[in-house]
Amino acid sequence: MEHTLRGRVAVAGVGETAYYKRGQAPDAEFKLALDAVKTACANAGIDARDVDGFASYSNDRSDPSRLAAALGCKELRFANMQWGGGGGGGSGAIANAAAAINSGLAETVVVFRALAQGQFGRFGQGPRRNTIAGDMAYSVPYGLMSPAQMFAMKVVRFMHDHGVEQNALRAISLACYEHAQNNPRAVMYGRPLDEATYDASRWIVEPFHLYDCCMENDGAAAMVLVSSERAKDLPNPPCYLLGAVAGSHYRAGASVHNTPDYASSTFKTLAPRLYAMSGLQPEDVDVLQSYENFTGGVLMSIVEHGFCAPEACNEFFTKDRFLAAGGDLPLNTSGGNLAECYMHGLGLNIEGVRQIWGQSTSQVADAEVSMVISGPMVTPVSACVFGSEATR
Amino acid sequence: MNDFYLNAGLPQPAATPLDEPYWQGLRENRLLAQRCNACGGWQWGPEWICHHCHSDDVGFVEVAPEGVIYSYERVWHPVHPALGEQGPYIVVLVSLPQAGDVRMIGNLLGDPEQPVEIGAEVDGVFEHHEDADPAFTLLQWQLR
Chain Z
16 MEHTLRGRVA VAGVGETAYY KRGQAPDAEF KLALDAVKTA CANAGIDARD
66 VDGFASYSND RSDPSRLAAA LGCKELRFAN MQWGGGGGGG SGAIANAAAA
116 INSGLAETVV VFRALAQGQF GRFGQGPRRN TIAGDMAYSV PYGLMSPAQM
166 FAMKVVRFMH DHGVEQNALR AISLACYEHA QNNPRAVMYG RPLDEATYDA
216 SRWIVEPFHL YDCCMENDGA AAMVLVSSER AKDLPNPPCY LLGAVAGSHY
266 RAGASVHNTP DYASSTFKTL APRLYAMSGL QPEDVDVLQS YENFTGGVLM
316 SIVEHGFCAP EACNEFFTKD RFLAAGGDLP LNTSGGNLAE CYMHGLGLNI
366 EGVRQIWGQS TSQVADAEVS MVISGPMVTP VSACVFGSEA TR
Chain V
17 MNDFYLNAGL PQPAATPLDE PYWQGLRENR LLAQRCNACG GWQWGPEWIC
67 HHCHSDDVGF VEVAPEGVIY SYERVWHPVH PALGEQGPYI VVLVSLPQAG
117 DVRMIGNLLG DPEQPVEIGA EVDGVFEHHE DADPAFTLLQ WQLR
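From first to last, the protein sequence lines are chains Z and V. Using our numbering, the final residue of the first sequence is 407, and nothing's skipped along the way. Using our numbering, the final residue of the second sequence is 160, and nothing's skipped along the way.
Since the hints were derived computationally from the structure, they do not count as laboratory data. Fair warning: this is a prediction, and the values are worked out from it, not measured in the lab. Treat the hints with caution; some may be incorrect.
[Said to hold, decoys possible] Taking lysine to any residue and the SDA-like style, the derived pairs with C-alpha atoms no more than 25 Å apart in a straight line are: (1) Z/K46 x Z/E17; (2) Z/K36 x V/G100; (3) Z/K247 x Z/R81; (4) Z/K283 x Z/N273; (5) Z/K36 x V/V95; (6) Z/K36 x V/P94; (7) Z/K283 x V/S111; (8) Z/K283 x V/H67; (9) Z/K36 x V/P97; (10) Z/K36 x V/W92; (11) Z/K36 x V/H96; (12) Z/K36 x V/H93; (13) Z/K283 x V/I134; (14) Z/K46 x Z/D65; (15) Z/K283 x V/H68; (16) Z/K283 x V/D117; (17) Z/K283 x Z/E298.
Model the full assembly from the supplied sequences, consistent with the hints where possible.
Right, here's the structure in full:
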């Protein structure tokens, strides 16, 4: 059998809770997870009791055995966690679920992520303890402790090396906010952003203005995967997984910012594998969801996936190019992590599926190939491509 | 007001069995980086084996605190209560040409709103926190 996941597995259903501002979810995190799983199963036309596998990432706290018990799943055959990497595991969890289905380990696998930051802690805050040891001891005492601070250092170097200007980052943010204005689910729905507001917004850490940074939110998202053969008998149109990759380059995890290839989104080795597995090229991609922890990560992701040469960023990164209405690389069409919801990026994967199903609030005409890039600048990162029946 | 670059109150570093010589060296105004006794390769941060040759005979060797700014960032938004009144500050990533270009993190001393040039040469400054319990030392950087 050919060693590929191309076309072997399909998304049968997706589900989300309402999305809330950080700390404002009315429900416990585990309840949010259950709600998203139930909604995704209903969307798939599958009884949640028939789910036999769960896959997640970033140390999600909703344990698969408890989920299976709460849902009354008949049998649990796959309980998977993609290690590390924060939001870099989103498409990786999908890859793991697909690999399990393709290899016969399980038949109906739910990929999910749930966050309630009122119940638990925040991402964007420094540690609150008196001493710190290990890798963090080399950075926290110097005031380098939040994700924005960890990643700005890479982006500064990339922008320096390639002469990239602030307006390239701004274009990403503006496109996300514009798409969110079409999406009633988006936390920033009804909160449009213009150039002047972006320019006047405060610095978080240069080169990130406030609007270059993702939100922090509460909610849950889930996606049901089954074999492509089985998907044909289910209600939703086919949405095939054409390729998926997860990992990182040589010594990406070298501590204290010592990875040899530093100014990178971590996708240089992975993107060629994604294109090889899917049999596609950048010009085949109709719509792109690219995880914005910070806009600088999107900038480098788009370069490393071959959409733009590093030296061409100032010309390439324009808002109009990234809009579903008429752009040639529609980007983050739900509003993404900046303006829809920060569900650790799984919302981007769901939006990628919606584009194939023709159900986006900023639908790209005739979207057949839909790429999702998860969690730039961390390690491991991941990415995947969804395709319509025509692409299989 | 104190003599330290950042306001007091951040978590203070605690040595581990893996990096105790480094922190002790800073107390003595000496910068130590990890070097393999088998192959001579440098690495940072410390690890139990050498990533070049896999030997576990890795030690700490003194290196001149002289580096080059590899990247930097100016932080404005405080994410720790100790920095609430800090205002902007500069974090630099400094590569050490005399230690295989390994990189270390510190602050760039001087005006926090000064322009910063990637590639600029910097010298280490030992910042002793004698009143801490236990006392510890950070390594800061200033333009040569």
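Structure-based check of all given hints:
no. : hint            : verdict
1   : Z/K46 x Z/E17   : violated (40 Å)
2   : Z/K36 x V/G100  : holds (23 Å)
3   : Z/K247 x Z/R81  : violated (30 Å)
4   : Z/K283 x Z/N273 : holds (17 Å)
5   : Z/K36 x V/V95   : holds (19 Å)
6   : Z/K36 x V/P94   : holds (20 Å)
7   : Z/K283 x V/S111 : holds (23 Å)
8   : Z/K283 x V/H67  : holds (21 Å)
9   : Z/K36 x V/P97   : holds (22 Å)
10  : Z/K36 x V/W92   : holds (23 Å)
11  : Z/K36 x V/H96   : holds (21 Å)
12  : Z/K36 x V/H93   : holds (20 Å)
13  : Z/K283 x V/I134 : holds (23 Å)
14  : Z/K46 x Z/D65   : holds (19 Å)
15  : Z/K283 x V/H68  : holds (22 Å)
16  : Z/K283 x V/D117 : holds (22 Å)
17  : Z/K283 x Z/E298 : holds (18 Å)
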